[in-house]
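> For chain A, the structure is supplied; the task is to place chain B on it using the hints.
Line by line, the protein sequences are chains A and B.
Taking this note's numbering, I'd label the letters of the first sequence as residues 319 to 399.
Taking this note's numbering, I'd label the letters of the second sequence as residues 41 to 397.
It is worth saying that the hints were derived from the structure and are not from the lab.
This structure is a prediction, so every number in the text was calculated from the model and none was measured.
Treat the hints with caution; some may be incorrect.
Under the rule of at most 27 Å between Cα atoms (straight-line distance), these lysine-lysine pairs were calculated in the BS3-like manner [claimed, not checked]:
| no. | chain 1 | residue 1 | chain 2 | residue 2 |
| --- | --- | --- | --- | --- |
| 1 | B | 102 | B | 116 |
| 2 | A | 384 | B | 346 |
| 3 | A | 384 | B | 116 |
| 4 | A | 348 | B | 346 |
| 5 | B | 116 | B | 105 |
| 6 | A | 398 | A | 348 |
| 7 | B | 350 | B | 393 |
| 8 | A | 384 | A | 348 |
| 9 | A | 398 | A | 384 |
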Amino acid sequence: MRDPNDVRRAVLAAITSVAPEVDPNAVDAKRPLREQLDLDSMDFLNVIVAIHRDLGVDVPERDYAKLATLDSAVAYLVAKP
Amino acid sequence: MSEFRMPSLGADMEAGTLVEWRVAPGDAVERGDVVALVETDKGLIEIEIWEGGVVDRLLVAKGTKVPVGTVLATLKTAETTPAPPVVRASPGAKQLARELDVDLASVRGTGPHDSITRADVERASSKPPPAREGQLDLAAIRRAIAAAMARSKREIPHYYLATEIDVSRALAWLEAENARRDPTERVLFAAVLLVAVARAAREVPEVNGFFVDGAFRPSSDVHAGVAISLRQGGLVSPAIHDVHRKSVAETQAALRDLVARARAGRLRSSEMSDATITVTNLGDQGVASVFGVIYPPQVALVGFGKVVDKPWAEGGMIGVRPILTATLAADHRVSDGHRGGLFLAAVARILQKPEEL
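With the rest of the complex left out, here is chain A (with noise of 0.2 Å):
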């Protein structure tokens, strides 16, 4: 089980790796991510690689809709073993 708060600066950081003009702070963690800070496919499939790569887990394609907003994307990734 992985600390909340540092799951949600870590999938943060992934984001602003790959999209730098995001203020982490002004992102609603509740509007779903990709439509609120237009990221494309590309971009999202960098994000999965940074989380990927900081958090050791390994997002299968088909769970990517479970990371659609930054709330879920947290409670996805502090339960996935």
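Just chain B, lined up with the frame of chain A:
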């Protein structure tokens, strides 16, 4: 002796500013080496050289804006000079060696055939490697887009076709492929579509090439221009070379590299000037159909929209299938609706056998 000139990096480029030389007199260069950095309306572009030899003289100083075609440097070619002792080093390693004042002759190479890599140069230097930041002039990019698109609509008699494609087989194949891949090696559907377009373009060559001086010049290779939106706004369409010869995985790797460099303002001259057909994919934005404007002197643009579940009849049965709308904007001076239709039909057919891509 040969001359290295300011290249044209797009239909509407008239001049470029030499920002940086990546070579010095006496350096040995090979075909494809990046020798200079030039600023254009589309950002900073790395300029490659298309002839091997030894750099003789640099004729244009840093910071100078010169018209397309201006001689930038002279080169001693194999015919004009005996072969110098060649230091095997990647262009990036040569550049870093200059920045860090490292003598390449003193560096032991660990790359292929003992060539010197950037890491070798970093190890040989006591200085930290310099940080590089891309620079993008968004207003200039918008002006360049405006000029090219206005010219296109002025000169090219566009016609438009659309077709719906059942992509259930392609998506199922892709899902199975990605399930066994590490995240860094996963393939986007966009890469599958690029390969399908490239192979279809080989079947219908009237959509692949350039219209120049009143005549169509078909290309035997398919260099797919990929419309990439920049995160700060604006659009560039650099090319992935030889997509017809690439696998889906190779195309994905090239696409990933191209998107990263486009957004960092680090594209290469060959990528900016030789796309033979453009592909634009707006499915991520929820767009149903794309009716694009051809980028001159190309003669076609292929558009893809969002994959949506729709009722679909096949073999007398109705089911729900993931459907993609593919469109073609093509130049009526070169092809007609019949040939354009065959092209879209080829794209649809190729996507039914994704395992062959």
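> State for each hint whether it applies.
Structure-based check of each hint:
1. 102(B) <-> 116(B): 21 Å, holds
2. 384(A) <-> 346(B): 20 Å, holds
3. 384(A) <-> 116(B): 60 Å, violated
4. 348(A) <-> 346(B): 24 Å, holds
5. 116(B) <-> 105(B): 25 Å, holds
6. 398(A) <-> 348(A): 20 Å, holds
7. 350(B) <-> 393(B): At roughly 21 Å apart (the allowed maximum being 27 Å), residue 393(B) and residue 350(B) satisfy the hint.
8. 384(A) <-> 348(A): 12 Å, holds
9. 398(A) <-> 384(A): Holds, because 11 Å separates the two Cα atoms, which is no more than 27 Å.
Hint 3 from the list above is the single one not met by this structure.
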